[in-house]
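J.: Single-letter residue listing:
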Amino acid sequence: MNLEADIVIVGGGMAGLVAGTIASEGGLSSIVLRKGESATSMSSGAIDVVGYLPDGTIPFESPKEGLVALASLYPFHPYSILGFGEGKPAFAEKVITGVEAAVGWLKDKLKDSVAKIVGGLDSNILSLSILGTTKPTCLIQETMVSDGFANEFDSTLLFLGVKGYPDFFASAAAKSFLEQSEIEQEGPRKVAHSTVRISPFGNTCNISASEIARHLDHDDALGELLPQIKKTVDTLGATHVALPPILGIKNARGNRQRIEEEVGAIVFELLAFPPSIPGLRLQRALEETYRKSGGQLLLGHEALSAYKEKNRYVSVQAGAPRRSIRISTKAVVSATGKFIGGGLRGAEDGLTETVFNLMTVTGNLIQADNIRPYDYTSPFAVDTGGHSIFSCGLTVDPQFRPVMPDGQPDADNLFAAGSTLAGYDYLVEKSGLGVALVSGFYAGKNAADAAKEVD
Amino acid sequence: MTKSDVVVVGGGSTGTAVARDCALRGLKTLMLERDDIASATVGTCAGMISSGLKYMDEPHIVDMCSQEVVHLNRIARHIVMKNPILTPMLELSDLSSGGSFAEEYSKRAAKREVPPVLFLTPEDSLKIEPKLNPNIIASMYFEEFFIDPFRLCMLQAIDAQRAGALIRTYCEVIDITVKDDSVDEVLFYDRVKGDIERVKTKTVVNAGGPWAPGIAKMAESNVEIRPNKGAHVILDRRVVNVGIIAKAVDGRMIYLFPHENTVLLGTTALDTWEDPDTLVASHDEIEYLLQSMEWVVPSIREARIIRTMAGVRPLVANWKVPEDKVTRGYETIDHEFEDVRGLFSFTGGKLVMCRHMAETVTDLVCEKLGVKHKCTTHEIPLPGMEADVDILAFSADYGISQHAVERLRARRGTEMTRVLELTRENPDWRTTICACEPVLEAEIRYSIREEFPQNLNDLRRRVRLGTGPCQGTFCTYKASAILMEELDLSGEGFKVDILDFLAERWKGKRQSFRREQLVQEEVTQGMYTCVANLDQSEIEYDPKPWEGSI
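Protein sequence lines, in the order shown, are assigned to chains A and B.
Following this note's numbering, the numbering of the first sequence begins with 1 at its first residue and continues without gaps.
Following this note's numbering, the numbering of the second sequence begins with 1 at its first residue and continues without gaps.
Extracted from the complex, chain B is given alone in its bound form (with noise of 0.2 Å):
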């Protein structure tokens, strides 16, 4: 493609969600990722889709959220899940706080079909979730939803690609050109092929989130956003039945959400100066996530931590106020202001605002085209949306396990039956890869095949490959095997591909690196350093950006 109608820089859940309007809408499009599909700030959140709790004193934004809560339900009920949350309190002054929220949450439940916020007492509230600190007087009940935030910027990717947009990963913009006060051409630069290319366009979308900044700099204009880190830590698997909101020892709210087979524990939220590339959770952000937590869960320290994640949320830029009083909305800004015309830019925002997001700048963008399409991304389902999925007659069809069969529902609603068809003829492609998971292998051979990963890192985010407690320690040898056949890659390939995956797994590893995972991480450097001697191959390895700052 030499010329395009929009240019989309970005592909985390806003970038994807443009790019998806904006080819519905019938525009040339072309989505740039600079590394994969959800691999930066969507990618280290909790996947809530939340009605607000936290931003209660702006209500236009929780009816905003509620409204989005309804249009993700209808057009990707395959891979959202919903939570009950539990909210205990240890003292009378929660208790006041909770009421108020209680009568937000509650106007708005019946839209999201949900009930409105009950108010537990201590034994019922042990009831639902027993590891509950027995002291606590009484507890809020309540429900949200949350999405696969991996699986929902790929389905947005992919429904756009379907729809005529060319989504271009590894593929990183290096410059704008503005030519009469309008943006002209973008430059990118290809890092899988090593080439620059450069494409004509009308406009640009700037979905880069904390990257937003620079990317504006490129076509001399200004974006200014206030970087906030936030940090989780991730437990191995479900150890309490149903979410719980706890308040930090900060009185900030913190939270505990099963997510997947995993919990995740999260999260901090502070003003951030680092490389968003070299981020990882530090020793303080854990213990005071444990800490906080174990006030209502006394229990929690005793829970394995299999790892940590880290991400910056591209905060809207209002200053000299504390974390929990920037506002959780989103600006879009129409650079014409200072005579750059066709570039848009996002700053702030939610996961659950995306496609909302999406549809704000897409309406710009056809304004300025002169194209009329209204938007149907709240009505058009994403791909595998068609209808409910029979769990145990394909289980019982295709011979294999129901919990893997679910897991597969889980990530592809209906077009779960393409990965299945492909052990029809070969069915030794039923072989579990990721045990953790689980992952089959025909899955992997299908996303490599459609959903255009390049590494294995890539394919985590599509198939949860290595995300368990083991953390890749007995699938990355063989999943990098079936990639390296896939792509016809050559034996170093196959040797770099394994390294660069322990390399992105000890990262989030490393920090939180204590207990069961010493036992865990003996075993993988057993296998991979002692067995197989990789620490003495000498092959081409690029240290990574997070390598370089101990």
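Just chain A, same shape as in the assembly (with noise of 0.2 Å):
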């Protein structure tokens, strides 16, 4: 089978899908290829731009705040790219000026959807993670949004968990918060915990927060949970209900609004690990956004190889269990992710980009084909400097397109966007979904306009 599209878009998770929204606004055909669960769905559903920088221990009050200092101190880092004028580093106000228009445009598309989201680059905000941990982020989820809880002198903040569900401890994060907030001399004046009775599909034990937020989304089910949410509340005198993101897929809002309502206390839901509900909303808000916008979402498509003619690629080629497509083409956007999306692999020795046998780097621009991962790795497991194998990835130039070892170009329509790029961690930098949506808007802006130039 054979198909055609201006643009073909490598990977559907953030960066892809932004990259081929952009094409498709700059009204060109597009088509998206996505093999597998992106790691953006994986993800807790809130938009990290920056919170540390490497091997840093004060957090940013604020994204621009940080952007600043990457600039100065990363150029290369993809945030800083943007800087970059007239082949020489300019100034952090570009970069700035560069994130808030992508932000800015994300907050718009997503604003009547499931992830409809809140927060700029004004300030970080601090939110609160299922193991009653903080961090410094830039976009939550509307259902997250906790209102300042930290500085109402008496509030009481309750953590709500549920039985047989064993992501979330409500003892452990409610101590665990408790304590910080202790050190830190703020916070809420009590913190409580407690758990409630849901029963999705008839489960007592072993529930996961997919069976819950599939259970809610059903119009009846919240009336198991309101009693139960009220009583505790009411005994307690909680003025905010943490809960575990499990509030809907498709309702959460609206459920989140109703809980509110009826039990007179704020409700939101905490920043959660993999298999994580906001994720997932995210990633359906995101695809729902592609497709209005004219976008064709190939699902379970992998692609397996692109050919080029002279300096431009022409085609790419991708497979599905039992077909095998060509997809003609002006311009690519290799979104593929690292190693959990699979752009990136490492063997004990070397590390190689999958799709277009790209030159890999280290985060310091050194050649990675040779390298034994194990070099790059902390003796300690969770370090504020990270692991630098994390960092490693493609290196761009500052239109986004890979760069081989001549220092040119690999095509002239080739660009690549998310977590594939490297020179930056966002492990401990926490900045993945940003610099996955910055570098997925400006690298579907490039790559339309290298399709434009073929006609």
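FYI, nobody ran anything at the bench for these hints, they're computed from the structure.
Owing to the predicted nature of the structure, the values given are computational and were not obtained by experimental measurement.
C-beta: ideal position from N, C-alpha, C; glycine also.
All the pointers check out, no bait thrown in.
Some chain B residues judged to face chain A by a derived CB distance under 10 Å, without partners named:
{"id": "1", "residue": "I286"}
{"id": "2", "residue": "I482"}
{"id": "3", "residue": "L489"}
{"id": "4", "residue": "F494"}
{"id": "5", "residue": "W506"}
{"id": "6", "residue": "T529"}
{"id": "7", "residue": "N533"}
Can you join these two chains into the complex? Each is in its own frame, and there are hints to help.
T.: In structure tokens form, the structure reads like this:
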């Protein structure tokens, strides 16, 4: 089978879907290939822009502050690339304007979706996780808004778990959070914890987040839950209720509103580990946005290789279990992800890029095709300096075109975005979905321009 | 306790066996382990209770091993597994050396209730194990027994406890005083409470393994060992149907053994001067094992390596001979010859001999104390051995998957009902906490209440928490919360336990870090570093010994 599209995007997570939507909005036809579940759908659903410098221990008050620091200290960071103009590094203002445009665009796209987001570059939001820890993030879903319990003198925060749902232990989160806020001498006056019973599909044990969320998507499902929450809230005098993110895949916003009205407390979802429902919501909302823009999403299709004529890719070969497709195209965006997404593969004798056979580099932009992954790890499992293997990837020019060992772009019309990029460690910086959004936004724009050149 | 008949130093396979024997013979027994039960040498072994393939030139040891297998099958059948083993041969010279082994093995086969050695054609060998190199000229088939080394030590310790022994983990001996040429007092530091305690004793059994020389020194005595490093590579599932033994690049024997839900590829044997606490498998060892096995199992590198483990064998100090010429037997040292009465030490030994070693030393201790009781450790079953278990009936009765029930049985035998009973009152404790194994919440809570774990790593040894492909990624935070609830730990304790367990798992993952484990680690880091922000938590984290030695 043969298909045709102005732009082919390899990878259907945040970076790929943003790039695809941008291309569609530029009046071009596009195809996004997604081979499996994206890393975006496994994320907490909050969009980090930047929280820390690599190896830094002081959180940035605002993403803006972080972008300025990165622009001066890390000129090859994917954000800093936006500051390049006419071949030389330009100013942090250019980076901020660039990131702001992408963030503003996304907020607008998702405003009526299941993953409506709030927040902005002027301040980081200190978000609570299921372990009772906090982390600075830029944009959170509306269902995660806690309305500043940290500053209210007279508030009581209730952590509420579900019996038989092992991903969240309210008791541990409450203790962990309480001790932390005592050290920092801020936060709610009281912290409490309790559990409720929900039995989605009749289960009383081994309950998963997606079972609860799908259960709560049904109109009448809240009935079982509301009196239990109300009773606990009334007994403990809770003003805020922290729940694991289980409020629904489709109806989370509505459910949250109903619970708040019914129990008279502020209800919010915590950041959670995969499989995380807010991540799934974000993924769905991005897919819907892309489809609405006119793009075509091919699920279960893996890009196998791509063909170049002179300096331009002209087609991408994709495979699904029972078919093989050749897609003729004018420009390509590679948003294949890192190790989870499968864009990079690391064996004992080096790192390879899996689709286009591009040059891989370390975080310091040294060629990585012969590295031993062990050498790019820290002896500490959890380390503020991170494991530098996770800052390996592709190096790109200011247009986001992957660069080869000769210093030249691999092709005039291939662009890369998302975690496949080198030069930043999203795990310690807390910058994952932010870089995916911003690089997807500009790689998409540049790809659209490159496709138009062909006509 | 301020007074005891015997203090056993070390809680490995030998130490727990000695504590059990002493307690069963009515001695007032205190066992001191500076870490956890089975946390060092025995915790890094393959669990083979060997008939003695590798030491055929020491027939008396082969006899002893065969007899011990019979005993272990009698007292601990519930934690013993039988593995068929193929030894494929690629050259004619392999056949001749195999012949003499076959003869020795077959002589003792009937006793252990296994068939004599069979020689198989390449076709028959490939039928049993399709992953074998098709160019083999023949293979030897025989059967060996394996035991869960962690459970063996735990059950020995628990049985000792039930017989009246005091089992103290996280208690490090800091001095042994000698008075009038006899041991008099043992000083130890309780690492959990932070207290120093002392106990008067007439005898001390030094079962410290690689630490035995240091322990002897405290009593102004001498023990010499030849420390030997052994490393294993662990694969994520049972990639072979049977055990495979092959010749390594240097002509030594190495093996690929299905073990629980994994496969162990091992082992190396290197004279070592490293601190056992900082020891990890090296890149050379990993590649040595992979290349050696590749000749008989060509697809071995396609398998997913989840981690490595390394330990130190406290071999008998035979010097100036190659490692494989060092005796596999053990020696018991009565330090009376150097004017320290009441102190006994071990060197050498194998897992399969631990009960035998205990019997020998306990005889000596009893003689010294004038106690006449006979050894019964080969007759009295270990906890959980009462009867066979009907997995299907339990599964239906308690509403728990057959697989989970069977794994529970493999660890606890009939005592699994104590775990299952907890789910009657708390049906939600049937929830799976570690999905790789699997481990239920009820078993974790039972273990915390009854088996004295102090942290998640201790729980791993008791219930195999975090030993599967994800290496604790998805169970660490859940189990840590349960531990916090059960032990009433602080919120900081909750996070420290998470970080400690991640550190312990990383120790083994890091050495063989490649391929699928990069994907796995990105998920792990995504959770604990990126989402939970634990890299920024300001808790009191004690760096681990191996974290300092880059």
